[in-house]
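Starting from the given sequences, assemble the full structure and let the hints guide the process.
Chains as they are written, first to last, in my numbering: chain Y, 653 to 899; chain A, 146 to 378.
Simulated from the structure, these hints should not be mistaken for lab results.
Being a predicted model, the structure only gives us computed values, none of them experimental.
All residues carry an ideal CB built from backbone N, CA and C; glycine is no exception.
Please note that the accuracy of each hint is not assured.
Stated by the list, open to error - Over 10 Å on every C-beta distance to chain A, these chain Y residues come out as not near it, computed from the model:
(1) L756
(2) G761
(3) R768
(4) V818
(5) W841
Claimed, not checked - In the BS3-like style, the derived pairs of lysine-lysine whose C-alpha atoms are separated by at most 27 Å in a straight line are:
(6) K293(A) / K656(Y)
(7) K163(A) / K656(Y)
(8) K163(A) / K822(Y)
(9) K228(A) / K216(A)
(10) K228(A) / K276(A)
(11) K656(Y) / K228(A)
(12) K228(A) / K822(Y)
(13) K656(Y) / K667(Y)
(14) K791(Y) / K778(Y)
(15) K177(A) / K228(A)
(16) K154(A) / K276(A)
(17) K377(A) / K163(A)
(18) K177(A) / K293(A)
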Amino acid sequence: MLVKLIRLDLRFAYKKFLTMAALILLLGIVAPYARINVLSAGLAIVFSVAFAVIPVLCVWLVVQHFERNLFGHEGYLMFSLPVSASQLLLSKVITTLIWFNLMLAAAAGFIALLLRGNIPLMQLLKEVFTWEVMSTLLKSVLLINANILPIILAIFMGIALSTVAVRNRKLGIFWGIAASIAGIALFVWLCIQTGGWQYLSMMAEDQAVITITMAAAQGINLAIAAAFCALFFGLTTYIMNRRLNLA
Amino acid sequence: MSEVLLEIKSVSKRYGHKGALRNVSFTVEPGKIVGLLGPNGSGKTTLIKIINALLADYEGEVLICRQRPGKESKRLVSYLPDKMALPTWLTVNEALNLYDSFFSDFELARAQALLEALKVPHNMRIGELSKGMQEKLMLVLTMSRRAKLYVLDEPIAGVDPAARDQILSTILDNFTAGSSILLSTHIISDVEAVFDDVIFLQDGNIILHGEAEALRSEHGKSIDQLFREVYKC
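Here's what the structure looks like:
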């Protein structure tokens with residue numbers, strides 16, 4: 653059932669996200685010519701607008717789909733399907749992570765295309781596709797995903813919380829946004845604390861100390877992320893199971 | 146005594162300070178068509194939402210084949226909401242496939258035949274269909290399931306009399322023998338002949354409940370006349 657839900661969620665916006673990813677790559681292809689083109693100023697504006705608008709559009713699409721699909725009219729169908737609330741939420745989380753990684757890959761592609769003027773593309777690919785670089789890259793992507801997940805879940809929790817106050821939707825929206833921001837702020841603050849420790853560890857002279865401290869800091873970071881994920885996921889499924897009030 | 150399909154025990158629901166349902170209790174037995182009658186705001190939709198697990202925050206107990214509303218009960222209940230619940234970006238065919246993939250009791254061939262009969266185009270996006278066509282599509286999807294209980298929220302509200310007949314015959318011709326229908330409406334005259342039992346709701350209270358035929362004999366009036374008298378329309 654979860655796979656069916658993910659498939660349904662993916663179908664909602666795959667065209668929009670693929671278009672945005674293609675647009676980012678297109679900007680990467682066009683960018684090097686901006687330096688020699690008379691339209692460079694215009695292109696710079698296009699770049700700035702695109703890079704400001706695309707992330708906002710992505711977040712808006714995800715938020716709008718979550719709200720409409722679960723707590724809007726479509727919720728009457730979604731909550732009538734023989735699936736659990738946690739499956740409904742998990743499907744949205746996995747889909748959002750897929751979109752996030754697609755955009756991340758597009759951004760990486762953009763950077764690679766930008767660098768092709770300085771380093772030949774084939775040489776860049778040769779240097780990137782080594783076991784060492786790929787494992788570091790994969791580790792970084794996993795770390796980024798682990799840190800973005802609590803933020804996604806905090807937003808979803810805020811949306812779910814905003815629907816609880818049936819008689820006063822505005823108050824509900826206020827509390828939903830406040831809870832989301834507070835949750836994200838607390839998570840980011842705790843991450844900065846461990847991140848700072850990680851940064852300080854780099855100043856150590858002993859390589860073994862650096863390696864151990866970095867690993868410990870990353871472990872703590874992952875533990876914090878996991879704890880926040882569990883908290884936000886649990887609260888959202890609790891609202892969906894026990895406090896659901898479809899308008 | 147036959148097994149009870151739906152059991153509502155002392156159910157109350159409040160929206161803030163306003164009581165939407167007050168201590169409502171009744172049962173629905175297999176093979177019955179039950180009319181849930183009342184004016185707008187009487188609590189019909191709230192009760193239906195509770196049965197379908199769309200409202201979780203209520204007092205009392207709801208049992209569908211001895212199960213509380215949830216994942217398992219949703220396999221037994223086929224629900225027609227009073228809103229367009231399908232994603233409008235889906236095509237009609239995709240909506241059929243959606244129901245087919247999620248509900249094991251969905252009969253795709255029956256749904257396709259019903260769509261043909263009701264002249265609902267297969268390949269159009271739902272958002273491009275007229276409101277009447279969207280309602281027919283929802284009805285086809287709901288009635289193409291072989292469910293134990295059909296819960297229909299205002300299926301004939303806002304449609305012309307000709308379409309009402311078409312909708313009613315679709316409901317009556319397609320519900321599974323031995324299953325039950327709980328149908329909410331405030332338009333009585335066209336549907337009263339099909340009801341076995343009726344429940345009158347007012348301000349969240351059941352003010353009249355019984356077999357339709359017995360109520361007609363007892364009061365010497367049709368259900369529609371009784372409705373008008375009770376609610377002073």
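Hint numbers the structure violates, sorted upward? Violated hints (numbers, rising): 4, 7 and 16; every other hint is consistent with the structure.
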